[in-house]
Amino acid sequence: MSRWEALKDLRQSVSAMVGLVLILLIVVVAIMGPWIAPADPLIPSPLIRLQGPSVEHLFGTDSLGRDIFSRVIYGARISLMIGVISVTISLIPGTLLGLLAGYFGKRIDSIIMRCMDMLLAFPAILLAIFITAILEPNLTNTMVAVGIVYIPHYARIVRAGVLSLKEQLFVQAIVHLGGSHGRILFKHILPNCLPPIIVYATLGMGTAVLQAAALGFLGLGAQPPSPEWGAMLSEGRQYIQLAPHVAAFPGAAILILVLGFNLFGDGLRDVLDPSLRSQ
Amino acid sequence: MTLGYISRRLFHLVLIMFGVSVLVFLMLRMIPGDPAQLLLGEFANPEELESLRAQLGLNQSLLTQYWIYLRNIIQGDLGNSLRSNAPVAGEIWVRLIATLELSLAAMFIATVVGVAAGVLSAVKQRSFLDYASMFLALVGVSMPIFWLGLMLIYLFSVKYPILPMMGRITLGLEVPEMTGLMVVDSLLAGNGQAFLSAVKHLLLPSFTLATIPMAIVARITRSSMLEVMSKDYVRTARAKGMAESVVVLRHALRNAFLPVVTVLGLNLGLLLGGAVLTETIFSWPGLGRYVVDSLAGRDYAAVQGCILVFAALMAAINLAVDLMYVFLDPRLRVDE
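Protein chains in written order, with this note's numbering: chain A, 3 to 281; chain B, 44 to 379.
For reference, chain A alone in the conformation it holds in the complex (with noise of 0.2 Å):
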């Protein structure tokens, strides 16, 4: 299927385009937060602490009393960064491991999917919480932490790919005209071996943010004054008997975004990786 033709299923998908829509949604209110937020994020207002939503607050007013609208609108660019920035982590580490993993095989093989299945040991979210306690809670560290959790992930999707991908013809024929590996890792199995690895990408963007949005709940990311939604939801917490409407918006934001991530992988896992597709 040629490039053209798997964009134009993607654009009959009804799951993708909602999903896109979402995104979409979610990057313009970052790109444009300091323009479209009424208020500044950071700077409390003690007179009015814990409003409801009005007209002059949309989503209310939290403990300092600053505007959830805004800190909800700032809080976009830290998810979606943190999004970008995981999966990257999780993604070329991953990638190569997966590609030395599966290409030369035998002991390197077996070194590499041990230590993979070692971290694969760990309830995802425990290990993130180990790792960020280690290295001291922050946004940073929390983006490494969710990182390396799913490094194992991207290693096996990677390392299946390949598996079957070098015993195919094409290659066969490169390795005994003389091909370097690398050549032949880089130029002829690894673009083969991208559709899952675009797919899993994408619906690994939500999972990152979920996570990280978990550890800011649980106080191990980023930290306050930060408008990290779930940091956000970790002070909501406290007044949800008497001002629900300062866990509800983040948690919310956090909702929509996720679901956009997981919308599009699945419309592209149905357009690149049709093996998969769901009846």
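Hints were generated in silico from the structure; no laboratory data involved.
Don't take each hint at face value.
Said to hold, decoys possible - Distance windows between CB atoms, simulated:
(1) B:V155 to A:F172: 45 to 51 Å
(2) B:Y174 to A:F106: 43 to 49 Å
(3) A:L179 to B:I111: 53 to 59 Å
(4) B:I111 to A:F106: 56 to 62 Å
(5) B:L53 to A:F106: 24 to 30 Å
Claimed, not checked - From chain A, some residues computed to sit far from chain B (all C-beta separations above 12 Å):
(6) A8
(7) L44
(8) T90
(9) L93
(10) L122
(11) L165
(12) I258
Stated by the list, open to error - Below, a sample of chain A positions facing chain B; criterion: calculated Cβ distance under 7 Å:
(13) P40
(14) F106
(15) G107
(16) F132
(17) I136
(18) P139
(19) L212
(20) A215
(21) F219
(22) R239
(23) I242
(24) A249
(25) G253
(26) N264
Beta carbons are placed, not taken as given, at the ideal position from N, Cα and C, and that holds for glycine.
Since the structure of chain A is provided, determine the placement of chain B on it from the hints.
Coordinates of chain B only, in the frame set by chain A:
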């Protein structure tokens, strides 16, 4: 045959646990500072520090230190908690049962609702019901469960106060401990009031924890059912004039169940992770909350113990799933 497979899998499990222990050991050594100080806290007196240093062999080589550490773990000695000074292994055990109760309840909800939704979606493919339940399933997979938990608390404990927002049972209601599972213990004791209270306390947290697995189970059940429903034996069953319900439940669902079981098993790991968040929100006295509290209190002996236990549980679950797979699908036995 199967025995060879099981022993190979057991060997693999031991290997993984060995690797995990090395990883946790090295990670704790990576935290800057003296491990003895870390384990005993900043207010430890010099004699205590010196004695723990000798006990852990901190002035010896890294290899000797690891050997001492491994020997202690194998003997079930996970050290003493910094906060309570009690053995970590004991503290973990008590909380593990609470987590188990929560996870089992969540697993039950996820399976019943997920399978039902998946089967209905497959039977009524491309109907409104199908689209609606699959959209809900996608929302479920994308759900920040810590947010869902908070919203459920607001709805059912604050706005319409019909369910409790924290704990395992109403204060003052005592049940003699037999299994450690409140719901079972109250039932065994014949205490209806306590049973009702335990179930009510369990509802919100277990539903919250069940959200993501429920959604995944629904999606897998649907696609697995659709695949099976197009098979010849289903067509034959229909041609024989069997009732549609018998065709769906007895012929299709049974065969569609294999991938669902795998996913259920893999989700137990997800449940253990989700328990960390759910228990924090609902102040459920389980292992997940214990990890978070221990981290906040810099109680590294407890943290290390919990992580090892979590990893061991995951490994055991994965093994059990694989064995169940062999049990459910006789073809896999012949292949061996």
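To test your reading of the hints: which numbers does this structure violate?
4, 10, 12, 13, 14, 15 and 18
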